[in-house]
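Student: Residues per chain, in single letters:
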Amino acid sequence: MPVDRHPMPEQPAGVRNKNFDEVALGYDLETAFAEAGRCLQCQNALCQTGCPVNIDIPRFIKNLREKDMASSIAVLKSKNSLPAVCGRVCPQESQCEEKCVLGRRGQPIAIGRLERFVADYAREQQLGLAPAAAAEEKNRGKVAIVGSGPAGLTVAGDLSRMGYGVTIFEALHEPGGVLMYGIPQFRLPKEIVQYEISQLKLLGVKIEVNMVIGRSYTIGELLEEEGFDAVFIGTGAGLPHFMNIPGENLNGVYSANEFLTRANLMRSYKFPFVATPLVVGKKAAVIGAGNVAVDAARTAKRLGADAVSIVYRRSEKEMPARNEEIEHAKEEGIVFHLLTYPVKIIGNDKGWATAMECVRMELGEPDASGRRSPKEIKNSNFLLDADTVIVAIGQGPNPLIPTTTKGMDANKRGNIIADENGRTTRDGVFAGGDIVTGAATVISAMGAGKAAAKSIHEYIMSKRANPDK
Amino acid sequence: MAKILSKREFSPGVKEYTLDAPLIAKKCQAGQFVIIRTDTHGERIPLTIADFDRDGGTITIVVQEVGNSTKHLGESFGVGDEILDLLGPLGRPSHIENFRTAICIGGGIGVAPVYPIARELKKAGNKIISIIGARNKDLIIFEEKMRATSDELFITTDDGSIGRKGFVTDPLREILRAGGKPGLVLAIGPVVMMRNVAAVTKEYGVYTVASLNSIMVDGTGMCGGCRVAVGDETKFVCVDGPEFDAHLVDFTNLMQRQQMYKEQEALEYSCGGHCQCL
Ligand SMILES: Cc1cc2nc3c(=O)[nH]c(=O)nc-3n(C[C@H](O)[C@H](O)[C@H](O)COP(=O)(O)OP(=O)(O)OC[C@H]3O[C@@H](n4cnc5c(N)ncnc54)[C@H](O)[C@@H]3O)c2cc1C
Ligand SMILES: Cc1cc2nc3c(=O)[nH]c(=O)nc-3n(C[C@H](O)[C@H](O)[C@H](O)COP(=O)(O)OP(=O)(O)OC[C@H]3O[C@@H](n4cnc5c(N)ncnc54)[C@H](O)[C@@H]3O)c2cc1C
Ligand code: SF4
Ligand code: FES
Numbered sequence: 001m002p003v004d005r006h007p008m009p010e011q012p013a014g015v016r017n018k019n020f021d022e023v024a025l026g027y028d029l030e031t032a033f034a035e036a037g038r039c040l041q042c043q044n045a046l047c048q049t050g051c052p053v054n055i056d057i058p059r060f061i062k063n064l065r066e067k068d069m070a071s072s073i074a075v076l077k078s079k080n081s082l083p084a085v086c087g088r089v090c091p092q093e094s095q096c097e098e099k100c101v102l103g104r105r106g107q108p109i110a111i112g113r114l115e116r117f118v119a120d121y122a123r124e125q126q127l128g129l130a131p132a133a134a135a136e137e138k139n140r141g142k143v144a145i146v147g148s149g150p151a152g153l154t155v156a157g158d159l160s161r162m163g164y165g166v167t168i169f170e171a172l173h174e175p176g177g178v179l180m181y182g183i184p185q186f187r188l189p190k191e192i193v194q195y196e197i198s199q200l201k202l203l204g205v206k207i208e209v210n211m212v213i214g215r216s217y218t219i220g221e222l223l224e225e226e227g228f229d230a231v232f233i234g235t236g237a238g239l240p241h242f243m244n245i246p247g248e249n250l251n252g253v254y255s256a257n258e259f260l261t262r263a264n265l266m267r268s269y270k271f272p273f274v275a276t277p278l279v280v281g282k283k284a285a286v287i288g289a290g291n292v293a294v295d296a297a298r299t300a301k302r303l304g305a306d307a308v309s310i311v312y313r314r315s316e317k318e319m320p321a322r323n324e325e326i327e328h329a330k331e332e333g334i335v336f337h338l339l340t341y342p343v344k345i346i347g348n349d350k351g352w353a354t355a356m357e358c359v360r361m362e363l364g365e366p367d368a369s370g371r372r373s374p375k376e377i378k379n380s381n382f383l384l385d386a387d388t389v390i391v392a393i394g395q396g397p398n399p400l401i402p403t404t405t406k407g408m409d410a411n412k413r414g415n416i417i418a419d420e421n422g423r424t425t426r427d428g429v430f431a432g433g434d435i436v437t438g439a440a441t442v443i444s445a446m447g448a449g450k451a452a453a454k455s456i457h458e459y460i461m462s463k464r465a466n467p468d469k
Numbered sequence: 470m471a472k473i474l475s476k477r478e479f480s481p482g483v484k485e486y487t488l489d490a491p492l493i494a495k496k497c498q499a500g501q502f503v504i505i506r507t508d509t510h511g512e513r514i515p516l517t518i519a520d521f522d523r524d525g526g527t528i529t530i531v532v533q534e535v536g537n538s539t540k541h542l543g544e545s546f547g548v549g550d551e552i553l554d555l556l557g558p559l560g561r562p563s564h565i566e567n568f569r570t571a572i573c574i575g576g577g578i579g580v581a582p583v584y585p586i587a588r589e590l591k592k593a594g595n596k597i598i599s600i601i602g603a604r605n606k607d608l609i610i611f612e613e614k615m616r617a618t619s620d621e622l623f624i625t626t627d628d629g630s631i632g633r634k635g636f637v638t639d640p641l642r643e644i645l646r647a648g649g650k651p652g653l654v655l656a657i658g659p660v661v662m663m664r665n666v667a668a669v670t671k672e673y674g675v676y677t678v679a680s681l682n683s684i685m686v687d688g689t690g691m692c693g694g695c696r697v698a699v700g701d702e703t704k705f706v707c708v709d710g711p712e713f714d715a716h717l718v719d720f721t722n723l724m725q726r727q728q729m730y731k732e733q734e735a736l737e738y739s740c741g742g743h744c745q746c747l
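Read top to bottom, the protein sequences are chains A and B.
Note that the first sequence covers residues 1 to 469 in the working numbering.
Note that the second sequence covers residues 470 to 747 in the working numbering.
In case anyone wonders, no lab produced these hints; they're calculated from the structure.
Where a beta carbon is used, it is the ideal one built from N, C-alpha and C, also for glycine.
It is possible that part of the hints are untrue.
Here are the computed lysine-lysine pairs in the DSS-like style, where the Cα-Cα straight-line distance is at most 25 Å [as the list claims (entries may be wrong)]:
#: 1; chain 1: B; residue 1: Lys731; chain 2: A; residue 2: Lys282
#: 2; chain 1: A; residue 1: Lys270; chain 2: B; residue 2: Lys495
#: 3; chain 1: B; residue 1: Lys495; chain 2: A; residue 2: Lys406
Derived CB-CB ranges, DEER-like [stated by the list, open to error]:
#: 4; chain 1: B; residue 1: Asp607; chain 2: A; residue 2: Asp427; range: 28 to 38 Å
#: 5; chain 1: B; residue 1: Gly547; chain 2: A; residue 2: Lys18; range: 37 to 47 Å
#: 6; chain 1: A; residue 1: Val209; chain 2: B; residue 2: Glu566; range: 56 to 66 Å
#: 7; chain 1: A; residue 1: Glu318; chain 2: B; residue 2: Glu544; range: 52 to 62 Å
#: 8; chain 1: A; residue 1: Val209; chain 2: B; residue 2: Glu544; range: 24 to 34 Å
#: 9; chain 1: A; residue 1: Ile417; chain 2: B; residue 2: Pro491; range: 55 to 65 Å
#: 10; chain 1: A; residue 1: Ser78; chain 2: B; residue 2: Gly482; range: 32 to 42 Å
#: 11; chain 1: B; residue 1: Ala647; chain 2: A; residue 2: Val209; range: 32 to 42 Å
#: 12; chain 1: A; residue 1: Ser78; chain 2: B; residue 2: Pro491; range: 32 to 42 Å
#: 13; chain 1: A; residue 1: Leu383; chain 2: B; residue 2: Gly547; range: 30 to 40 Å
#: 14; chain 1: A; residue 1: Asn381; chain 2: B; residue 2: Glu672; range: 47 to 57 Å
To give an idea of the interface, some chain B residues facing chain A are shown, with a C-beta separation under 8 Å as derived from the structure [to be verified]:
#: 15; residue: Arg506
#: 16; residue: His510
#: 17; residue: Glu512
#: 18; residue: Glu534
#: 19; residue: Val535
#: 20; residue: Asn537
#: 21; residue: Ile565
#: 22; residue: Phe568
#: 23; residue: Val660
#: 24; residue: Gly693
#: 25; residue: Gln725
Could you build all of it, start to finish, from the sequences and the hints given here?
Tutor: Next up, the structure:
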């Protein structure tokens with residue numbers, strides 16, 4: 001009889017939906033060893049093929065099993081500079097864990113939980129710290145990185161270890177990208193993100209916050225006037241989409257970005273002890289069903305909304321958010337209105353939202369992508385009370401850099417065009433992460449960062465070798 | 470970090486600060502703004518660049534203390550102190566061309582952001598007619614600077630304590646009625662003032678631009694909190710503006726959105742906000 005995977009200890013749903021502390025508490029030492037003990041140490045480890053940055057999964061688990069924590073964290077960090085983050089937010093169920101052989105008959109190894117455990121343990125015990133770098137060693141070249149999300153941080157870490165002088169330019173007042181402003185505290189504590197960033201600083205990475213590239217400097221100026229040999233653009237998908245339905249500019253209607261930025265980056269949940277307010281009504285409705293929507297709904301609940309619902313035009317099967325998060329949300333009392341589409345937001349005479357007019361949908365024939373596309377059911381309109389409406393239907397690329405950078409092409413949607421090595425159409429300019437792919441995942445942004453770091457290194461080396469070219 | 474190099478009070482609750490900001494001073498253009506955050510508990514406050522000195526590496530901001538964050542700046546920050554975060558220049562620069570005659574209207578504190586734009590319009594060859602207004606004499610700011618860049622200057626106050634008694638729209642209407650056909654009217658000030666200016670110029674079909682002060686968070690196009698209806702489109706003031714064709718702006722919606730946090734702001738900082746107890 002195979003042993004089942006060990007459950008993750010969690011705060012009870014009725015407690016955690018009133019606080020911002022982390023939901024999942026993490027394995028203790030004993031549970032981690034026991035879970036690691038289930039691993040078969042496959043010769044041909046399928047789990048590893050499911051990892052976008054190709055972590056040597058059996059090896060870090062073996063080291064853990066042998067209680068050699070220093071080696072275990074070293075294996076993780078050699079491929080992934082943010083293991084404490086990825087262990088928490090990666091969609092393991094569709095990556096490494098989906099491939100794990102144990103999953104065929106029973107339950108796969110809880111690879112994500114083990115990754116998180118090793119990273120947390122190493123942080124607490126101060127293992128596997130980044131070596132402090134001497135400035136004079138960074139003489140291979142100078143690289144500018146725009147945006148401090150997972151893509152930018154990965155490029156910075158890799159190039160810094162190779163001996164490049166790296167400067168990150170970040171528009172907001174704190175580095176971390178979506179990890180800081182988007183993903184909530186209860187899923188990814190900000191202290192952990194800041195710790196990982198402090199490790200990069202130890203490596204010698206410089207971070208300049210409050211710098212909007214396109215305004216403070218253009219990409220051209222960084223290359224031609226500020227002496228950078230190459231630039232990496234990792235500015236993410238930060239532009240919120242709206243539905244373009246009547247009533248969307250009423251008070252009480254937010255983009256998920258605004259709602260989450262106020263709550264996370266500006267820490268509105270501590271208002272009035274911090275200065276940035278956030279208004280949450282009694283009944284909140286979130287439009288969309290991705291990670292962003294689920295995060296916004298769970299945040300609204302914690303900020304005191306009595307009833308929080310998610311309104312989604314397809315069925316449960318198509319919801320893009322991680323299963324675990326959907327389950328967590330349900331436990332916390334979030335209601336899902338599926339096959340429902342908002343057509344109008346209704347307001348009172350003071351300009352505040354009061355309700356949302358919705359129609360019911362049904363799924364039609366599968367389209368080219370195999371997904372069954374939703375169709376409106378005629379005359380099925382109904383009202384859903386909502387004094388807070390959060391629009392979480394996706395984000396696009398911010399046009400500032402594409403429109404101020406000569407010789408660098410973007411596609412019709414505004415995403416920067418880059419090949420699999422991160423090369424854009426402009427010499428010396430590289431890009432990766434959500435700005436290239438559209439909104440995706442932390443690990444795919446990191447994967448793109450890894451590839452770009454390698455090709456930036458090759459680019460600078462070949463330029464040094466043939467300075468006339 | 471940005472050091473405050475000088476600070477002076479124009480009138481109770483209206484202060485001018487010069488900040489050490491070499492990069493912004495080098496890059497900024499008329500019509501752009503910055504965002505400041507005074508300290509780790511602070512809000513991000515958008516403020517127009519009222520003047521800049523490229524060689525000296527400084528920018529000037531003029532701040533009206535309307536709520537907790539601006540009061541905190543006014544009360545707790547003096548010369549030599551550092552503002553934790555300063556971001557800019559943000560927004561699109563004003564569109565400067567020779568319109569032949571430009572009427573530049575500033576209401577209250579709005580005169581400060583009008584000034585650098587008027588100066589650039591003047592350089593571009595425009596005849597500048599300026600109208601500046603406020604509730605009373607004490608609240609009129611930048612009078613000398615405006616006089617120096619204008620061919621004609623009108624002052625109006627609600628109580629007539631300086632200039633003529635009335636609103637900025639009074640001289641504007643007279644000029645337009647007398648057949649003056651400016652190529653541009655620029656209005657910056659309280660939303661009601663901008664809306665009224667737009668109503669007057671619409672009658673005469675004169676192209677009019679208003680600079681909008683919607684509530685902002687990031688100022689980089691990321692949150693959409695600053696959105697406003699312009700014609701049948703939704704625009705983000707921080708990246709698509711702050712200036713828009715005043716005849717297309719939905720001022721009612723803008724005014725409503727500015728009220729969004731009114732109740733919360735009344736509660737703000739129950740322990741002074743800067744107790745560091747959290
Ligand atoms: C609420 C939310 C929840 C999510 N949950 C998950 C999850 O559970 N698991 C998962 O894998 N993924 C999740 N994602 C997606 C994931 O966070 C992103 O795919 C990932 O962060 C993209 O990384 P990036 O480095 O490309 O960009 P970002 O993380 O978006 O970082 C871009 C950075 O660039 C900065 N920037 C932008 N323009 C400029 C400029 N002109 N100058 C200087 N700086 C600039 C921005 O301020 C930002 O800090 C979530 C996203 C959101 C919004
Ligand atoms: C592009 C732009 C340029 C501006 N330029 C100037 C300037 O040069 N001088 C000046 O004194 N003021 C300027 N403002 C307005 C200034 O930002 C607000 O007065 C300030 O943020 C109020 O903060 P508070 O906490 O003191 O007041 P609060 O009590 O928070 O609010 C008072 C009122 O100010 C407005 N407000 C609140 N928060 C914000 C915010 N984050 N962004 C914008 N408005 C807000 C609301 O209408 C609110 O009702 C500008 C605003 C914008 C958007
Ligand atoms: S596939 Fe599963 S059992 Fe095999 S090495 Fe990977 S984690 Fe262990
Ligand atoms: S202030 Fe956030 S998009 Fe304009």
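Student: Indicate whether the distance between the beta carbons of asparagine 381 of chain A and glutamate 672 of chain B respects the range 47 to 57 Å.
Tutor: 41 Å, violated
Student: Assuming the hint says 37 to 47 Å, is it satisfied by the Cβ distance from glycine 547 of chain B to lysine 18 of chain A or not?
Tutor: 41 Å, holds
Student: A closest beta-carbon separation below 8 Å is what the hint needs, so does glutamate 534 of chain B meet it against chain A?
Tutor: 14 Å, violated
Student: With chain A as the partner, please determine if histidine 510 of chain B meets the hint condition of a C-beta pair closer than 8 Å.
Tutor: Since chain A brings a Cβ to about 5 Å from histidine 510 of chain B, closer than 8 Å, the hint holds.
Student: May I ask you to test the interface hint for glutamine 725 of chain B with respect to chain A, counting a Cβ-Cβ separation under 8 Å as satisfied?
Tutor: At 3 Å from the nearest chain A Cβ, glutamine 725 of chain B passes the 8 Å test, so the hint holds.
Student: Hint validation: isoleucine 565 of chain B versus chain A, beta carbon distance must be below 8 Å. Holds or violated?
Tutor: 18 Å, violated
Student: Is 52 to 62 Å right for how far apart the beta carbons of glutamate 318 of chain A and glutamate 544 of chain B are?
Tutor: 54 Å, holds
Student: Does valine 535 of chain B pass the interface check with chain A, least Cβ-Cβ distance below 8 Å?
Tutor: 14 Å, violated
Student: Using Cβ atoms only, decide whether glutamate 512 of chain B comes closer than 8 Å to chain A, and label the hint accordingly.
Tutor: 4 Å, holds
Student: Taking the Cβ atom of serine 78 of chain A and the Cβ atom of glycine 482 of chain B, is their distance within the range 32 to 42 Å?
Tutor: 58 Å Cβ-Cβ, so the 32 to 42 Å window is violated.
Student: Verify the proposed pairing of lysine 270 of chain A with lysine 495 of chain B, using a straight-line Cα cut of 25 Å.
Tutor: 37 Å, violated
Student: Given the range 30 to 40 Å, decide if the beta-carbon distance of leucine 383 of chain A to glycine 547 of chain B lies inside it.
Tutor: 54 Å, violated
Consistency note: the structure conflicts with the earlier hints numbered 2, 4, 6, 9, 10, 11, 13, 14, 18, 19, 21, 22 and 23.
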